[in-house]
Each structure stands twice: as structure tokens, then as C-alpha cells.
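Visitor: Sequences and hints are given; from them, build the entire structure.
Heads up: the protein sequence lines correspond to chains A and B, in order. Numbering-wise, my numbering puts 392 at position 392 of the first sequence, and it's gapless, one number per residue. Offset between the second sequence (1-based) and my numbering: plus 404.
Don't read these hints as lab results, they were simulated from the structure. Just so you know, nobody snuck in bad clues.
Here are some, though not all, of the chain A residues that point toward chain B, as calculated from beta-carbon distances under 7 Å:
hint: 1; residue: 183
hint: 2; residue: 185
hint: 3; residue: 186
hint: 4; residue: 233
hint: 5; residue: 234
hint: 6; residue: 238
hint: 7; residue: 250
hint: 8; residue: 253
hint: 9; residue: 254
hint: 10; residue: 255
hint: 11; residue: 275
hint: 12; residue: 286
hint: 13; residue: 302
Partner residues aside, some chain A positions facing chain B, computed with beta carbon under 10 Å:
hint: 14; residue: 178
hint: 15; residue: 227
hint: 16; residue: 235
hint: 17; residue: 252
hint: 18; residue: 300
Here are the simulated lysine to any residue pairs, SDA-like style, with alpha carbons at most 25 Å apart:
hint: 19; chain 1: B; residue 1: 426; chain 2: B; residue 2: 538
hint: 20; chain 1: B; residue 1: 426; chain 2: B; residue 2: 502
hint: 21; chain 1: A; residue 1: 22; chain 2: A; residue 2: 99
hint: 22; chain 1: A; residue 1: 46; chain 2: B; residue 2: 706
hint: 23; chain 1: B; residue 1: 450; chain 2: A; residue 2: 298
hint: 24; chain 1: B; residue 1: 450; chain 2: A; residue 2: 182
hint: 25; chain 1: B; residue 1: 450; chain 2: A; residue 2: 181
hint: 26; chain 1: B; residue 1: 450; chain 2: B; residue 2: 617
hint: 27; chain 1: B; residue 1: 450; chain 2: A; residue 2: 300
All residues carry an ideal CB built from backbone N, CA and C; glycine is no exception.
Here is how the chains run, residue by residue.
There are 2 protein chains.
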Amino acid sequence: MSERLLVVSTDCHAGLHIADYKPYVESRYHEMLDLAVPVQLDMMSKASESFLIAEINEAWRAPIARQLTGAWDYAERTRMLAGDGIAAEIIFPDGITEYNTPPFGAGLGLSPRDAVPELQWAGAMAHNRWLAEFCANDPARHIGVASIPLLFDVQRAVEAVRWCVDNGLTSVMIPTLWEDHPPYHHTRYHPFWEACEELGVIVHFHSGPAPHPEYFGRDWPQEDNSEQLPGAMGIYVSEVMWWLYRPLTFMIWGGVFERFPRLKAVIVEGGTLYMLPPWLRLLDHNYHDVHFSAKLGDFRSHLSMAPSDYFRRNVAIGASCVPRADLELRGAFGPGQIMWGSDYPHPEGTWPRTGEYLRQTFAGFPEADGRRILGENAVAFYGLDRSRLQQVANEIGPEASLFN
Amino acid sequence: MSERLLVVSTDCHAGLHIADYKPYVESRYHEMLDLAVPVQLDMMSKASESFLIAEINEAWRAPIARQLTGAWDYAERTRMLAGDGIAAEIIFPDGITEYNTPPFGAGLGLSPRDAVPELQWAGAMAHNRWLAEFCANDPARHIGVASIPLLFDVQRAVEAVRWCVDNGLTSVMIPTLWEDHPPYHHTRYHPFWEACEELGVIVHFHSGPAPHPEYFGRDWPQEDNSEQLPGAMGIYVSEVMWWLYRPLTFMIWGGVFERFPRLKAVIVEGGTLYMLPPWLRLLDHNYHDVHFSAKLGDFRSHLSMAPSDYFRRNVAIGASCVPRADLELRGAFGPGQIMWGSDYPHPEGTWPRTGEYLRQTFAGFPEADGRRILGENAVAFYGLDRSRLQQVANEIGPEASLFN
Numbered sequence: 001m002s003e004r005l006l007v008v009s010t011d012c013h014a015g016l017h018i019a020d021y022k023p024y025v026e027s028r029y030h031e032m033l034d035l036a037v038p039v040q041l042d043m044m045s046k047a048s049e050s051f052l053i054a055e056i057n058e059a060w061r062a063p064i065a066r067q068l069t070g071a072w073d074y075a076e077r078t079r080m081l082a083g084d085g086i087a088a089e090i091i092f093p094d095g096i097t098e099y100n101t102p103p104f105g106a107g108l109g110l111s112p113r114d115a116v117p118e119l120q121w122a123g124a125m126a127h128n129r130w131l132a133e134f135c136a137n138d139p140a141r142h143i144g145v146a147s148i149p150l151l152f153d154v155q156r157a158v159e160a161v162r163w164c165v166d167n168g169l170t171s172v173m174i175p176t177l178w179e180d181h182p183p184y185h186h187t188r189y190h191p192f193w194e195a196c197e198e199l200g201v202i203v204h205f206h207s208g209p210a211p212h213p214e215y216f217g218r219d220w221p222q223e224d225n226s227e228q229l230p231g232a233m234g235i236y237v238s239e240v241m242w243w244l245y246r247p248l249t250f251m252i253w254g255g256v257f258e259r260f261p262r263l264k265a266v267i268v269e270g271g272t273l274y275m276l277p278p279w280l281r282l283l284d285h286n287y288h289d290v291h292f293s294a295k296l297g298d299f300r301s302h303l304s305m306a307p308s309d310y311f312r313r314n315v316a317i318g319a320s321c322v323p324r325a326d327l328e329l330r331g332a333f334g335p336g337q338i339m340w341g342s343d344y345p346h347p348e349g350t351w352p353r354t355g356e357y358l359r360q361t362f363a364g365f366p367e368a369d370g371r372r373i374l375g376e377n378a379v380a381f382y383g384l385d386r387s388r389l390q391q392v393a394n395e396i397g398p399e400a401s402l403f404n
Numbered sequence: 405m406s407e408r409l410l411v412v413s414t415d416c417h418a419g420l421h422i423a424d425y426k427p428y429v430e431s432r433y434h435e436m437l438d439l440a441v442p443v444q445l446d447m448m449s450k451a452s453e454s455f456l457i458a459e460i461n462e463a464w465r466a467p468i469a470r471q472l473t474g475a476w477d478y479a480e481r482t483r484m485l486a487g488d489g490i491a492a493e494i495i496f497p498d499g500i501t502e503y504n505t506p507p508f509g510a511g512l513g514l515s516p517r518d519a520v521p522e523l524q525w526a527g528a529m530a531h532n533r534w535l536a537e538f539c540a541n542d543p544a545r546h547i548g549v550a551s552i553p554l555l556f557d558v559q560r561a562v563e564a565v566r567w568c569v570d571n572g573l574t575s576v577m578i579p580t581l582w583e584d585h586p587p588y589h590h591t592r593y594h595p596f597w598e599a600c601e602e603l604g605v606i607v608h609f610h611s612g613p614a615p616h617p618e619y620f621g622r623d624w625p626q627e628d629n630s631e632q633l634p635g636a637m638g639i640y641v642s643e644v645m646w647w648l649y650r651p652l653t654f655m656i657w658g659g660v661f662e663r664f665p666r667l668k669a670v671i672v673e674g675g676t677l678y679m680l681p682p683w684l685r686l687l688d689h690n691y692h693d694v695h696f697s698a699k700l701g702d703f704r705s706h707l708s709m710a711p712s713d714y715f716r717r718n719v720a721i722g723a724s725c726v727p728r729a730d731l732e733l734r735g736a737f738g739p740g741q742i743m744w745g746s747d748y749p750h751p752e753g754t755w756p757r758t759g760e761y762l763r764q765t766f767a768g769f770p771e772a773d774g775r776r777i778l779g780e781n782a783v784a785f786y787g788l789d790r791s792r793l794q795q796v797a798n799e800i801g802p803e804a805s806l807f808n
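Guide: What follows is the structure in C-alpha cells.
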């Protein structure tokens, strides 16, 4: 009998309801938390009128209320993972629909916009404490991604990374947008990259952040500007992946991967994969081209390889819910770069029908490539305990016959 | 004997040295002008230490000093156009290397960043007055693109457009970056699009603007931050075309071309053409896709066509100095969309060796397509006087044998 598939979801989410983080927040911030939580709940509620359409979500949530509690309930979560055949998962913050996000804006957006640095740090560390506990239930299966508000204080971020490692967390998420702070080519971040490289901590960028006020209006979500700003959502979904790639544009050209060659980074849930090859081709074009940029002087000498070489060596792609058409582009990437994800418990995820999705998407797909994308690439990239995970997979994993 | 080629350059530049604009600036701004010019000259000089490398430019300029005066000297300009075989040209501001840019930041960048609106308007109108005079030398051959600081005052922009038309200018350039102002999907700009559509005025976006302070540092160009911000130039050249496409992303999704179906726009000197098809595919993907964005509600109903349909109907591409490899992508665009440009008198242009460039680039290229790209598309898009221009071409235009 052939071994069952070892499936790893590189895009899952978990978190408490915002109010339930209180025990994990340092007590000196409790007064601010009590003030902030109702404000943040109100904002999320108003946002759900236009961004995550409330009616759609209500209809979607009603029959799966219990399954959604897996965002924080460990027993329910393992039941959900078993149902989807998932042996291990990478866990980002924010269940979204249940308002389960860390306080003070320390969740998936992790935006420095309008943030009070001290409070965002408090919210991030509250989530990280809870996450470390949650993953400790079975560290081989649950890889938590800690929230690190890097922009405010690089030295503090280095200390936070050390705290993470000491507490079993070896993946971190940093802001995708830097707003008015220096971007990631700035050498001020070198101590952070150095610590991550030294400690084997993987840096994550998760799709979602974008300059929402540009699209939806400066007062969004407090006011409904949709009459004055038609098409805002179309613009958002058309631009959001560019904002996800952007940190890598800065890191690659900034020589971060040249200087820290073992540093690993991931971009997650960037939507369709077909924008990545043209973006890489453009970076390389500007590395190799000389005529049109001659007036700009030599801006390549600090890089020993072409930009796409760093991308292939140092970066992996979290290809959540990837459709078959995108899988056919795999030749444009390194064989170890594409990693599947279920996006549990988000509405656009493959769960709780991952089995059905897998059969539809991978039928007739080459098994060796399929095994890599569905799990083996993540095992290698994150350095997971393969033998332990194969034991789990042998109980809950999908049959290899799905490739037939 | 076959007719000579009618060549139109859709990307040329002209302008006075910044100090020489004084006679065209309203006298009430002269005091401010006297204060501003030395500051702007100093900034440009410092910028040339890092952005337009001074040494490179000195070496480049020395043997062509006279040719560069065609940026403002009409006789020299017509001599240059004749040498390049160019019958007509679209004229943007800024010769750059001779510091010939309109005052108060009203030139090619036309950035609202750090601008005093009243002064930028004064600088823009000074350039527009000079440009109208310059083009009046031979209006069939010289199509000036007026500078319109639209973001500050939409009603004033409408009046400026009417002034332009009254003075023979039917092309305008508006800011590519809006900084803290509302983007182009905002309905506040409708009166401007309406005036342009009604008067047949074509809206231009010229490549170049980008968030330079992010790349080069907030104090750039006053301080040299290159040690702290390695790779800044590589990031800039890799991102600049995205900032050029961005206004169209907002206009298309904002329904501007849906509401003003005869409005015409151009993007100019966006570098390689191969990023355009993936960008259009992405816009269309987000128009047709339903599953992954179901949670966002219906954001397409205000558009009767897919985004790429508006792009093909309303937008032309100024493909300055286009290489042969990019021409092979022409099937991805409408047959009338691609328009060649020489970029005279910028350092990266094909001049003064356009003849050599044309023979190298178009040898063996289908003549019908070549004629369209090199001139006929611009004639149709801008509604130029074809018979008059063919007369000019018959004297100075290249031989059709270059396609052999």
C-alpha cells in the first residue's frame, strides 16, 4: 500500500476574539485595552458593511458556526484539520469573521498607520504568548507565525525574535506596508535580518495590506464613501498582490539576501501565480539592461546574482487554494518554492472540502510534483519533523490515488 | 516610388531653462520666482550627483551641446527632427539635462508633494503659454502637452483646459502620483474628464514619477543616503512603470471610461511593454473571477465591459525607443495602440541616430504594422493633418526600404 500524502497547509489562521486576549496582555495595558476593544469592534463592524459584506458572511457562517471555533478551540481545530487531511499547518493571526484578531492593530494587517507603537507591541506580544501556548499542544503539527511590529523599534524586534525562539516559535510576520517608516532596503533593519538568519527564523509577508484609505476614502470605514469612490474594491483586489511583492523588491535590490544568504522569506496568499514571473523578469531586466539606465550610473555592483536568483534561493511562495491553471506555471519557479495552503478558517479557503478540491485540482497531475507542492516543499523549507508528520498523515492524509 | 514613411514621435520634450520662464510667469509671482529658482537649481544640481549622474551627463553632453538647444530653439529643433526623419512630435515638458523645466515643480514630475498650489499653477501656466507660442510655429507638426496640476482645483483645471484649446493645445498632462489627494476614481474629477471628452483633449501620463523619498530617503537629494539605502535605484527602475499604470487602474475601475466613453488617455515611456499584458490580465481576472472575492460583494456592476476592453478602446501606449523584442508583443494590444517615440532630447532617446535605430529595429518587420507604430497610429489617435504631414515626410522621412 502506498503511503498516504503528507499535506501541509502553509496558510491557516488562528486567534482569540479580540476581548479574550486580555489575560495575555500585560496588566499595565489593561486600561487601554478596555478602551480600545469597543472602538476596534465598532470599526470592524462598520467595515463589515462594505469590505467583508455582513449579509454574505452571515449566510456563510450560519451552517459552520462550530467549525469556525477551531480558530481558537484546539479540539475543534484538530477535528477540522483531520477532516481536510492536513498533517501540519503554518498559523497566521486573524480568523476575521469572528472578530478574533489581536488588539491594538497587531493582527494580519500589522499596520503602523494610526498605531501607538507601545500598544501595538503589547497586542503583538499578547498574541505571540497565546500562539506559543496553542502550538505547544503539538509543536510538530502547528507552526505559529509570531506578529512582530518591526518598524517601530529594530532592537526590540530582535529581542522579540529571541523570545519567540525561546518559546517555540520560529516563524515571524512583519508589516507588509511601512507607511512613513524606512522601507526594507534600509540598513537599520540589518540586525533583525541577522538575528532571523542566525536563529533560523523565517520572515513572512501575508497578503491583505494595501493603502485602503486611497481606495475607500480617508474616513473609511467610518463613512460610506462608495458613491464618491466607485470601483474601490476592484482597485484593491487588482493592486493587493503588488503590495505583497513590494517588500521583496526592496529586500532583493537592497542586498538583504546578498548579505544574509541563509535568510528565508515567504509571501503568502498572493492570489494568482502568473504575476510572479513577469515581476521577476522585470527585476532581472533592470539588472541586466544597461542602455536605457546608463544615465543612472551603476546600481548593480552590490549584487552578485540577478534578482530572480535571490528569489529562487531565499523565498518560498504560499500558494493558498491554488487553481490547476496556476500549477501549470510551476516550471517558472524553483521546484521547492510552491507550497499549498487551505486558508482555514477564512471564507475563501478550500476547507472544509479540501478533499474535493484536491481531487478536482490534482487529478492527472504528476504525483512527484503534487507531493512537493502539497507538503514536501513545506517540510523542507520549514525543517519540519517528517517522520512524525508522516505518522499523522498515515491516519488522516488523502490517498495518493487523487493524482490518478 | 513608394511614399516615404510618415514618422511621429509621441515622446519629445521641450522647455526653457527654468530662469527663462520669467517673461511667461504672471508678474505678481516674480518675487517668489526669484526666490524659488536658485533653490530649485541647487536641488537639481544636487540630484544630479546621484540620480542623473553628473559625470556621465557631462561626457554625454559635450559633443551635442548645440543639438540640446533644440529643447527651446525652434530652428535647431526642426533641424534635429529633420535629421531623425520625424514629421510630427508630441511635446512634454523638461529637457532635464539643461535645467529646462517649468518653475515651481510644474514640469514632468508635476508632483503635489511639497508644492504650493498657487505657485505650481503659475509655473504650469507659464510653461503652457510658452508651449502654445512654440507650437504655433507649425501647429501640424508640434503637438504640445500642457501641464495641468489637476489635484489642487478641479474647476480651475477645467478652465485651464478651455484656455489650452483656445490657444491651440489639445493635449494635457496631469499628475501621475496624487500623494495625499483623492485618486482618479473619485467623482470629484468628473468635470475634468467631461471637459476633456467634450473638447477632444487627450490626457497624458508620462513615466518618471515615483515615491522617490521611499527609495532615496526623506532628505534626498539634500543628503546622500546611499550608504543607508543600498539598491534604491534598482528599486526605482523596477517600480516606476507600476506607478505609471496606476492612474489607469483607478480610472478603469472607477468607471471613468464607462461614463466618458470618448475620453482618450496615453501612458508614455513605460519601458518594456511586456508588463502590460499581465497587468491587463490581472484586471480582467478580478473582473471575471467570483469565488475568491465572493466575500467582498459585487464590485463589477458599474462596468459594462472588462477592464482590458476600456484599455483597448480609450488608451494608447507611447512606446518610446521600443526594442524589437517588445514589438513582437503587438498582438496583445489593439492594432492602433502602440505609438513610437524618440524621446528627444533625453539621454536615453534614439536621437540623433534614429535612422540607424529604425533600420536595426524594423529590418524584416511587416511594413503595414511598422507604418502604424511609427506614425499612422499617432496620426489617427491625435487626429493629425495627415496630408500636410506626408508632405513633410516626403522631404525628411525615412525610406520604406528600412523594412527590407
